[in-house]
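For the sequence shown, the numbering used here assigns the number 217 to the initial residue and increments by one for each residue that follows.
Everything labelled a hint here was simulated from the structure, so no lab data went into it.
All C-beta atoms in this analysis are idealised placements derived from N, C-alpha and C, irrespective of residue type, glycine included.
It cannot be assumed that every hint is accurate.
Computed beta-carbon distance windows for the label pairs [as the list claims (entries may be wrong)]:
#, residue 1, residue 2, range
1, S265, A234, 17 to 25 Å
2, S265, D230, 18 to 26 Å
3, G256, E218, 26 to 34 Å
4, A263, T225, 26 to 34 Å
5, A226, R264, 27 to 35 Å
6, R264, G228, 28 to 36 Å
7, A263, N229, 28 to 36 Å
8, Q223, S265, 27 to 35 Å
9, G252, M224, 17 to 25 Å
10, F219, R251, 32 to 40 Å
11, S265, N229, 29 to 37 Å
12, A246, H220, 31 to 39 Å
13, S265, M224, 27 to 35 Å
14, G252, A226, 25 to 33 Å
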Amino acid sequence: HEFHYAQMTATGNDEPLADLADGQGNPLGASGYRRGHVSGTFFHAIARSA
Numbered sequence: 217h218e219f220h221y222a223q224m225t226a227t228g229n230d231e232p233l234a235d236l237a238d239g240q241g242n243p244l245g246a247s248g249y250r251r252g253h254v255s256g257t258f259f260h261a262i263a264r265s266a
């Protein structure tokens with residue numbers, strides 16, 4: 217796995233992309249941004265098992 221580092225300089229007025237939760241389902245708040253058909257995040261999405 218290669219790590220990349222970045223830093224937000226301004227969040228602007230973009231809409232949040234997703235509401236996050238930890239492995240136990242505890243809410244972590246909104247994260248990521250979206251504008252039109254473009255999205256950006258600093259998290260890895262992992263789906264729940266069926």
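Taking the hints in turn, this is what the structure says about them:
| no. | hint | result |
| --- | --- | --- |
| 1 | S265 x A234: 17 to 25 Å | holds, 18 Å |
| 2 | S265 x D230: 18 to 26 Å | violated, 31 Å |
| 3 | G256 x E218: 26 to 34 Å | violated, 18 Å |
| 4 | A263 x T225: 26 to 34 Å | holds, 31 Å |
| 5 | A226 x R264: 27 to 35 Å | holds, 33 Å |
| 6 | R264 x G228: 28 to 36 Å | holds, 31 Å |
| 7 | A263 x N229: 28 to 36 Å | holds, 29 Å |
| 8 | Q223 x S265: 27 to 35 Å | holds, 33 Å |
| 9 | G252 x M224: 17 to 25 Å | holds, 19 Å |
| 10 | F219 x R251: 32 to 40 Å | violated, 26 Å |
| 11 | S265 x N229: 29 to 37 Å | holds, 36 Å |
| 12 | A246 x H220: 31 to 39 Å | violated, 22 Å |
| 13 | S265 x M224: 27 to 35 Å | holds, 32 Å |
| 14 | G252 x A226: 25 to 33 Å | violated, 18 Å |
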